[in-house]
Structure formats: structure tokens, C-alpha cells
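**Q** Sequence:
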Amino acid sequence: MMRAAGDETREALQPFGYYSPRIVVERVRGGDRRVVLDTAAQEEQEASDSAAATAQAVREAGSTARAAGDAQAPVSVVITVEPGEPVRVRRADIAILGDGNDDRYLQDELEDFIPREGSILHHPSYEASKTRISRRLAERGYFDADFSARRVAVTRAEQAADIELVWTSGERYDMGPTRFVQAPAEVVNPALLERLVYWDEGEYYHQGRLDRLRTSLARLDYFSRIDITPRPEDAVDGGVPVDVALTPAKRDVYTAGLSYGTDSGAGIRLGQERRYVNRRGHKALWQVDYARKRKTLSLQYRIPAFRWLDGWYTVGLQAADEQTDYIDSRRVEFAASRSGQYSRNLNLVASMHALRERWAYEYEDDGDPSTPALYRYATFTYPSLRATYVDLDDTLFPRSGYSGSLMLRGGVEGAGSEASFFQAHARAHWYLGFGESDRLILRGEWGRTETSALVDMPPSLRFYAGGDGSIRGYEWREVGPRVVDANDKGFALGARHVVSASAEYEHYFGGGPWGMAAFVDTGSAFDGSPELRTGVGVGLRWQTPVGPLRLDVARGLDDPDSPFTLHLNIGTSL
Numbered sequence: 001m002m003r004a005a006g007d008e009t010r011e012a013l014q015p016f017g018y019y020s021p022r023i024v025v026e027r028v029r030g031g032d033r034r035v036v037l038d039t040a041a042q043e044e045q046e047a048s049d050s051a052a053a054t055a056q057a058v059r060e061a062g063s064t065a066r067a068a069g070d071a072q073a074p075v076s077v078v079i080t081v082e083p084g085e086p087v088r089v090r091r092a093d094i095a096i097l098g099d100g101n102d103d104r105y106l107q108d109e110l111e112d113f114i115p116r117e118g119s120i121l122h123h124p125s126y127e128a129s130k131t132r133i134s135r136r137l138a139e140r141g142y143f144d145a146d147f148s149a150r151r152v153a154v155t156r157a158e159q160a161a162d163i164e165l166v167w168t169s170g171e172r173y174d175m176g177p178t179r180f181v182q183a184p185a186e187v188v189n190p191a192l193l194e195r196l197v198y199w200d201e202g203e204y205y206h207q208g209r210l211d212r213l214r215t216s217l218a219r220l221d222y223f224s225r226i227d228i229t230p231r232p233e234d235a236v237d238g239g240v241p242v243d244v245a246l247t248p249a250k251r252d253v254y255t256a257g258l259s260y261g262t263d264s265g266a267g268i269r270l271g272q273e274r275r276y277v278n279r280r281g282h283k284a285l286w287q288v289d290y291a292r293k294r295k296t297l298s299l300q301y302r303i304p305a306f307r308w309l310d311g312w313y314t315v316g317l318q319a320a321d322e323q324t325d326y327i328d329s330r331r332v333e334f335a336a337s338r339s340g341q342y343s344r345n346l347n348l349v350a351s352m353h354a355l356r357e358r359w360a361y362e363y364e365d366d367g368d369p370s371t372p373a374l375y376r377y378a379t380f381t382y383p384s385l386r387a388t389y390v391d392l393d394d395t396l397f398p399r400s401g402y403s404g405s406l407m408l409r410g411g412v413e414g415a416g417s418e419a420s421f422f423q424a425h426a427r428a429h430w431y432l433g434f435g436e437s438d439r440l441i442l443r444g445e446w447g448r449t450e451t452s453a454l455v456d457m458p459p460s461l462r463f464y465a466g467g468d469g470s471i472r473g474y475e476w477r478e479v480g481p482r483v484v485d486a487n488d489k490g491f492a493l494g495a496r497h498v499v500s501a502s503a504e505y506e507h508y509f510g511g512g513p514w515g516m517a518a519f520v521d522t523g524s525a526f527d528g529s530p531e532l533r534t535g536v537g538v539g540l541r542w543q544t545p546v547g548p549l550r551l552d553v554a555r556g557l558d559d560p561d562s563p564f565t566l567h568l569n570i571g572t573s574l
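In the UniProt record's numbering, the protein residues as written are 1 to 574.
These are computed hints drawn from the structure, not numbers from a lab.
Note that the coordinates shown come from a computational prediction; the quantities given were computed from them, not determined experimentally.
Heads up, a few of these hints could be off.
Stated by the list, open to error - EDC-like, lysine to aspartate or glutamate: derived pairs with alpha carbons at most 16 angstroms apart: (1) Lys-295 - Glu-273; (2) Lys-283 - Asp-263; (3) Lys-250 - Glu-186; (4) Lys-250 - Asp-221; (5) Lys-293 - Asp-252; (6) Lys-130 - Asp-112; (7) Lys-293 - Glu-273; (8) Lys-295 - Asp-263; (9) Lys-295 - Asp-310.
Claimed, not checked - Label pairs and their in silico Cβ distance ranges: (10) Leu-385 - Glu-233: 26 to 32 angstroms; (11) Glu-233 - Trp-430: 19 to 25 angstroms; (12) Asn-189 - Tyr-505: 35 to 41 angstroms; (13) Asn-189 - Asp-393: 34 to 40 angstroms.
Just so you know, even glycine gets a beta-carbon here, dropped at the ideal spot from N, CA and C.
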């Protein structure tokens, strides 16, 4: 048993490059310590010669322990290890023969192979590098690749190791025909799906093409299951056929829920989306958000447009009615847009809007119920362009990367708009992970309006600050130009410009789902010069399958309306 303990200890050190350790195994009973094994890896023969004496010592110790029975102190084994000098790589011959030798991406993988010459022979790194290159060969279409040499020779006397690792890649395969099968029923025209195949038959094979196709099919939301299988064993003239098996999802998605907001009151939300209206893949959606003080009806119809991948033509109509303590507003807006995934990280939406809005501020009322409200009306027709960029390691719980959006819109007086204006609005998030349990989230916002007739701009085209996603510690839309009524209550008017910034640090306990956060937000909505308002607070975090649930308690530092504010949200802000 003592000998086995020494052997297992020596074997446990070898993957980390230590082949010549000195291992001392001692038997301890009470205050008595006795060396049972004292050996080094380079003296295996000497240790073997003394094996009989060691075995006899172990038998004697076992016999004595049995004779003593329960009255004797328990026997412990102490293993002392001096790892010695590690084995280092003396020579590393790593190569790919065949067509793969000219593949620059595979050459990059070879250059990144570890362990390198002169470094410690670390077996886990060696195996990981070897597996990575084998996987990379398959991903790039070298399905016949195999090892022609695979050897690691360790010379213990010289503390050196020689690596010989050679692949024979064979020829690179090409993309063959792609076949779509929908079962148990065909819900959309296969010709529509074939337009998502952005490569031509005969182009070189790459697994990334299939991964991109899977992403495009998933974004359509037509299917509950997507199986993409390349079949190199059935290749014809080097072309690998690809089978795409699709299981249609339920045609209709119904939503229902309850809501509550301090400004809107209690409400209910109902909706229905038809994933596929017809075989051409059209989609339709309606949604009603009915609260005591704020009501919204949304209708939307989408048609696939794949000149840009994952694109849509969309027409939508929204009607909104807001009757809060400070504003009476009604709005109808029609929008037609063209969206598309321009690149892996960049999504673009170009749209045209027609807006008709009516509003009146309660503070303009003289208090006499018989006095009609002083309504203002505005009609604006304008184009808009929105770009969204997302480069995150995980969209549900990012620990590295950044995301941002930029919106540009503007109208011309006399060309469908009652005033000329131009607006730019940008937002950005930056995520930085520290260790396994911490991350820092930085957020920024900037918006600007150029117009000579701000008073003619309806509330929906103005900027606001305050509340969640803006400046916590202040109520929704609290920060910015306001007026005060006879009851000394302030009402937001909306502003020409907006700027805000936030820093938030999160710590999760033991790397688990529960965590805490501390944050500071600052910013302002303003017409001339900004009057910054700052809020600080703490929060509770819980990681859920749909993103983190965030419960924050915040306090404004610059004369807020309320001493504390409470914010509850779920999901990741992008």
C-alpha cells in the first residue's frame, strides 16, 4: 500500500512535467514516525531492489496495528514531495502534410501550439493543442486527416522531451448540395429557405458556414428543432452533401400578463404572434397593453427579405393613449422598415415613419373642469436609420465584450413635417469580467436634436432622463426641463439633448446564481447646458435562464422627488 502511494504520487506529477521527484512516504502512529519509502524517479532500479524490505516493513506495521486493536492510535500516512527539476521540451516537430500545409489558418494553429520548445512539458496543454488542431482540420473540410506521427519521448537523465506530431491532411472537401426536409409537415416553401444558403455549391467546405445557416434558421422562429448534418461519407467529386432536418414549431404564440407602473397604474397585456401566416413565411402580430393611465395597441406584419441575411420587410401601426397626472396624449404612428443582419455583429434597420400626435399638459389647465384642454397637434413624416452592434461572449450573461446602437432620424418642414429637425441618439455597454464571480458594467448615452422649433416637437420625439436604464435614484423622466403646478409638483417636458453614464460592479457568491451590485449613475436631459444629476444604490442579482433578474434600491443625490426609488428588471440590456 505504501509503495502504491508513492507510485501514484509520482504518476500524478508527470502530466505537469515533473518526472524526477523525491518522494518520502512515512507511517505515523501516535508520536512515532517511521520512513517506509524514500526514493527518486531516476533510482527506480534501486527502489525495486529494496521492494522486499519495504513490503516486510509494511507487513510488520500491519501486524503490530492489528495486535494493538482499538487501544492503539490510528495509523496515518504522510507523503512529502520534492518535485525536482521539470522536464522541458527540447525539440518540437509539429507539422501538417498535404493540402493543409498551405492553409494559413491551420498554420496559425501550429504556431499557437503549446508547449513550445524550451517550455515545461505540460501534458494537458499538449493534449488540448493536439485536439484543437484535429478539430480545426475537420471544421475546414479535411475529413481524411489522420496522424502519420505521434510521439513524445522523455529523457529523464537530461530532463528533456522531444515531440513529434505530424498530420496528413488529405484533400480538402467542398460544399455539396444542401437539402431541406420539414417533418412532419412542410410549413414554408423550401425555396425560401434555400435563399439562406449564402455559399455556392463547389466552394470550399467550412463548418462555420453551417453554423451561420443554423443561426439564420433559428432567427426565423419557424422551427422548434434544427438538425444540420454534413455527410462526407457520401461525397461526390469532393462535394459534401448537407442534410437540414427541420421540425416546425407551433404556428401561434399567445402571450398574457399583468403589469404595474407608478405612472401607468395596474394593467394587463395580451398578444398573439403567428409564426408563419402562409408558405411564403410571412408573420403577423398583435398586442394590447391596457393600463389604467396608459394604453397601447400594436399591429405588425413581416415579410422575409434575404438580400441581407436574416432580413425583414415590416409594416406596423401603433396607437397609444396616455392620461397621467401631468399629460393627456394620444398618438398614432405608422412605420415601414427594412431590416437585415449586415454582418455577424451588425444589424441595420432603415425605416419611414408617419406620426400624428395630440397632447396637452395638465399644468396648462386653469383648474376649471369646464375649461377645455389646450391641445397641441403635430404631424411628422421622417426617415430613420438604426444600427446595432453586438460583440459579446454571451448575450444572456456577458462577461466580455461590448454592444451599442446609433439612431439617426430627421424631417423637413413642408415635406410631411411641421418642423425641420435632425436627431442622433447613441447608447453603448461595455462588460468586463474579473475572475469567476465579478464583473464591471459601464454604460453611456448621448442624444442631440437640431431644430429651430422645439416647441412644435411632440413629446414622443423629445429626450428624457431618469429611471431605470437612465439615472436610478430618480423617477421615470424626472430629470430635465420641468414645470411646477399649483401643488408644487413637477412635470417633465422633454428636452433637446440627453447625456448619461453609469458604472456598476457585480459580485456573485461562490460563482452561483445569487449576487449583489453597487452602482452610480449620472446624467441629464437638457436644452442648453446640462445640470447633471447623480444617483447611487445597491442591488440584488439572480441569474435566470432568460438573463439576470435585477432588483435595485437607489437614492438621488441632487434634490430628487423621492428619497429612494425601487427598480425591477429582467434580462440583459444591449
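**Q** With reference to the structure, classify each hint as holding or not holding.
**A** We went through each hint and held it up to the structure:
1. Lys-295 - Glu-273: Violated, because 19 angstroms separates the two Cα atoms, which is more than 16 angstroms.
2. Lys-283 - Asp-263: violated, 33 angstroms
3. Lys-250 - Glu-186: holds, 13 angstroms
4. Lys-250 - Asp-221: At roughly 10 angstroms apart (the allowed maximum being 16 angstroms), Asp-221 and Lys-250 satisfy the hint.
5. Lys-293 - Asp-252: violated, 30 angstroms
6. Lys-130 - Asp-112: Between Lys-130 and Asp-112 the Cα gap is close to 11 angstroms, so the pair holds against 16 angstroms.
7. Lys-293 - Glu-273: violated, 25 angstroms
8. Lys-295 - Asp-263: holds, 12 angstroms
9. Lys-295 - Asp-310: The hint is violated at about 31 angstroms.
10. Leu-385 - Glu-233: 26 to 32 angstroms: Roughly 48 angstroms apart at Cβ, these two residues miss the hinted range, so it is violated.
11. Glu-233 - Trp-430: 19 to 25 angstroms: Given a distance of about 46 angstroms, which is not inside 19 to 25 angstroms, the answer is violated.
12. Asn-189 - Tyr-505: 35 to 41 angstroms: Roughly 51 angstroms apart at Cβ, these two residues miss the hinted range, so it is violated.
13. Asn-189 - Asp-393: 34 to 40 angstroms: The hint (34 to 40 angstroms, Cβ to Cβ) holds, given that Asn-189 and Asp-393 are roughly 36 angstroms apart.
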